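The two chains are supplied separately, each in an independent frame; assemble them into the complex guided by the hints.
Below, each chain spelled out in residue letters.
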Amino acid sequence: MFAKHARNELLKLFARRRTYIGFGVFLAVEAIILALLNMDVVLAAFGTLLANNGLQISDCYTGLTLATFINFFTVTMLFGLYLALVAGDMVAKEVEDGTMRMVLSRPVARLGLLAAKAIACATYTLALGAFIGATTLLAACLYMRGVGNLMVFGPTQRVFAVFGPSEGLWRYALSVALMCVSYQLVSAIALMLSCFKIRPAAATVVTVTVLSVDLALRNIPFFQPLDHYFLGYHLGCWIRAFRSTLLWPEIVQSLILLAGATLTCWVIGATQFCTRDFKA
Amino acid sequence: MISLQGITKRFGRRIAVDNVSFEVPRGVIFGLLGHNGAGKSTLIGALLGQVFPDRGRVLVGGHDVVRHRGAALARVGAIFEASSFYDYLSGETNIRILCEYSGPVDETELRDVVRLVGLESRIGDRVGTYSHGMRQRLALAQALLPRPDLLILDEPTEGLDPEGMHETRNLLLRLNRQWGLTIFFSSHLLAEVQQLCSHVAVLRSGRLLFAGRWHGVGPAASAFSFRADRQSEAESALASAGIALDFASGGRGRLAPGQTVHTVARWLIERGFEIEHIGPADTDLEAFYLDMIRQGPSHEGR
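Listed in order, the protein sequences are those of chains X and G.
The first sequence maps to residues 1 to 280 in the numbering used here.
The second sequence maps to residues 1 to 302 in the numbering used here.
Chain G with its partners taken away, still in its complex shape (with noise of 0.2 Å):
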């Protein structure tokens, strides 16, 4: 659906993304994660030709951003951190106006949209009335007119209330599985992207450290948890042997080079411990994205 191909763009004398790549495929929720100031913004800005690449190609749907940008841009909806609208019309005229950049607005699909994200009963008020959840929403609104293949989000719960965020979550899963929709987002919001993406790209400062699935990848993917009669001797006894490692609560640790959770529990047995449980420790994006930062560049995934 998306493919990065060597972007690069300098700011002045500043590198906001450096020799980036990576693809993007169709029907997935895709994470873009980073620091601030790691180039995500620039990233989303480059796919939707907003900031020209200094170098590399940006292709949406097969068709080259700079170069045919119309076609690109033609099935693709975005909505930004901050959702800016023309505050002295009304929400509908500011669907209206955006829709028509795109094409004829189908009354009957504005009218399910409006219906989908809840604003039926203020969509004739002034926007400037709205709150910050409502702009939202109508931001999405605006984004899913005319039906996108594509939703290209930039911290879209940025702001929100707690209802607001699970409200927006459920919808975008709700739009992933239904309407087939394939949705790229950037966030900081580490729990949220574990929840609904299944891939991620990782950037620092402006470089690409990880893309791809993200489960079972990197260092997180080495992380166990057991569950033993005399616990703590366990976990120093491993540790001494060099075959675990990095041991938190919970009889939760890491995995050595070259070690499995098979051979652990082998090592443990033959020790006369009594195993309750062990397995792998369910990956947890935090520990991923720390692991994957820390570690430096490029990861590929699958």
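So here's chain X without its partners, still in its complex pose (with noise of 0.2 Å):
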């Protein structure tokens, strides 16, 4: 029975059009982004990073490069946003409508219910990860004719590394993966708010608020020792995998952590959801 909820859920989730509006924007701005690595002066850019690290544009100017660029840019802005404005109307938007009403009148376990909701949630992270990983890759790899060697630069996360063709393929699967697993605690933030009373664009906006400020504080220099208690640092776990040795505890470490931060967001939200009113 509770396999039937959680299809119930994924069919409400996917036959709304609204669910695919995170899959549009990241198509265009896939498309924006390759229209404008392709400006002379953003080459010309580019050639001189490279030169100054003793590369080739030829040897790393790639779709594989391309990719993660993109991914770099997309997922740090739109990811979560996306993400809290779907999980974000999981339980407050029916709310809203009524429907959570017509749902509470059938025998049916709150626990239980929302344990499905919480499903459909993931799946939505890792169906929106994985079809921005593969388009991206696909969108970077047809426009350069090919996936070619991978080159990453990221200053910020202390990242610099130059990868073959099969190693760049493997760390950027591994980065898409560790993506689409670490950004589950955002839709579990935006889920728990969204069991609070709270209308669903609240649930989002504090969602996007709280992801918000954490990145501000990250970036003031007073705060860059404590770079580790913040969530962003490990949200980015997946950018670590593009370091030249893969450093696994650490990156184990943040995926515990976050974990742990996803099931307490459960937690809070499931006592809200099992202990509140429903009343029009």
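What the hints contain is simulated information worked out from the structure, not anything from laboratory work.
Hints may contain errors.
Stated by the list, open to error - Label-pair ranges, simulated between beta-carbon atoms:
#1 Ile21(X) <-> Leu173(G): 26 to 36 Å
#2 Arg26(G) <-> Ala109(X): 39 to 49 Å
#3 Arg126(G) <-> Leu10(X): 11 to 21 Å
#4 Ile268(X) <-> Arg55(G): 22 to 32 Å
#5 Glu107(G) <-> Leu10(X): 21 to 31 Å
#6 Leu10(X) <-> Arg67(G): 25 to 35 Å
#7 Arg10(G) <-> Leu11(X): 35 to 45 Å
#8 Leu11(X) <-> Glu107(G): 47 to 57 Å
Said to hold, decoys possible - List of simulated lysine to any residue pairs, SDA-like, C-alpha gap at most 20 Å:
#9 Lys4(X) <-> Glu107(G)
#10 Lys93(X) <-> Leu89(G)
#11 Lys4(X) <-> Gly212(G)
#12 Lys93(X) <-> Phe73(X)
#13 Lys197(X) <-> Thr99(X)
This one's a predicted model, so the numbers in the text were calculated from it and none came from an experiment.
Glycine included, each C-beta is placed from N, C-alpha and C at the ideal position.
So this is what it looks like as structure tokens:
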């Protein structure tokens, strides 16, 4: 029976047009970034950066490099926002629309219902993450007519590496997988807020605010020594998949912390959902 | 079928329902009456386990709704004032989703119910394209699946046109008679409640004023009407003698305490009036309701 509830939650989620806004926006952003990267001035800047590090633009300006580059920008800027939009709607929108009362007039356990919603949120996070990873790579490789080497340069994340095509593809796939797993926390925060007496938009706004404040504080120089206390540091563990030497303990530590935070959000959300009144 | 035992619910400092207790017998149509904010929706929410009472217990079919929600609501269907659906899905998908929360959907039963509510030609269309009446019919269809023992309706005919209200009323009566369904519903429309309900509960500001069979109970039960040869003279005489009072048009009045229609008839005959007709007035739920509201707390019916 629980499997049917989970399937129904997925049906409700993926039958809604709003769910696909995120997919559409990411495609559009990928296209825009690719177009911008084609501009001479950008190419020149890119070439200078590579030359300063002793690299040739012909070796490093590849499909894989562009795909990673685009992911840096789109994921940091938009992934959290669209997850917050969808997960923030999961309970609050149903309460606002009145469908939650229809559902709760049935002999369904509240905890089971919320668990089905959490599964739908997690699936959406995985689906959108995988979509971003796959379409970015596809678009960039088509644009550059091949995969090529992978060059990653991220000074704030202390990442600078060049990989061959096969190692590059493996690192890219690993980074997308880590991104899908780590961003479950963003969905969990939005779902938790959605369980409170709150409008759907408010759940989204508060989630985005949490991420923005975290980012802003992280970038204040005084707080640099405390970097590993911020969510953004751990959410960015997918970028550490591009370090020359993979530091698995560091990545696993981040994943454990994120899993703990996600679980905490689920528990708080479930407690609120199971004890609150639903009234017109 | 339903047993409310000392239900109290507060929202902040406001008491929405104050120590309300009554029983709803199996197989009756039971009306819940009260002004806006009287606590009707809170009570319905408590019945469906959507609102947790601060005090008291709600039993549906003998099961505690809070502790054994699954068992209590297993054979319950519900409709709300504004029937809400997933507008972007078809009527059939909506029914399936909602019904699967109660258990597996029986295909034959689903088709029969859709035919019963007259939605077979549009059941595959998106609910967003439905009229208000069609949405209410869809709400009724989902409430009847799987076949319930108890139907709980919160203002089910609100917003319907007269034809839709008539159809819904007839359908509810049919379901009560043919399926033996217990129907518990709240409504502002006293005429509708009068036509459907043998039993009512009256709430005022969260407090129960009356619960039970309403015919022949309360001050409205003392209403009588008569027709005599010298009508106005007879009315004045009865009023002066303190036997009957509050005369309205058509010889309709109210018996003074301790008087019966029989004593009034004898009194009039002894004074030479010729009586064409005398008897208890048809009890009107509106009069009953207003009497209850004016009279104040708790009046237990039969």
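Do the hints match the structure? See the list:
no., hint, in the structure
1, Ile21(X) <-> Leu173(G): 26 to 36 Å, "violated (47 Å)"
2, Arg26(G) <-> Ala109(X): 39 to 49 Å, "violated (26 Å)"
3, Arg126(G) <-> Leu10(X): 11 to 21 Å, "holds (19 Å)"
4, Ile268(X) <-> Arg55(G): 22 to 32 Å, "holds (27 Å)"
5, Glu107(G) <-> Leu10(X): 21 to 31 Å, "holds (22 Å)"
6, Leu10(X) <-> Arg67(G): 25 to 35 Å, "holds (31 Å)"
7, Arg10(G) <-> Leu11(X): 35 to 45 Å, "holds (38 Å)"
8, Leu11(X) <-> Glu107(G): 47 to 57 Å, "violated (18 Å)"
9, Lys4(X) <-> Glu107(G), "holds (16 Å)"
10, Lys93(X) <-> Leu89(G), "holds (16 Å)"
11, Lys4(X) <-> Gly212(G), "violated (41 Å)"
12, Lys93(X) <-> Phe73(X), "violated (29 Å)"
13, Lys197(X) <-> Thr99(X), "holds (15 Å)"
Violated hints for the displayed structure, listed by number in ascending order: 1, 2, 8, 11 and 12.
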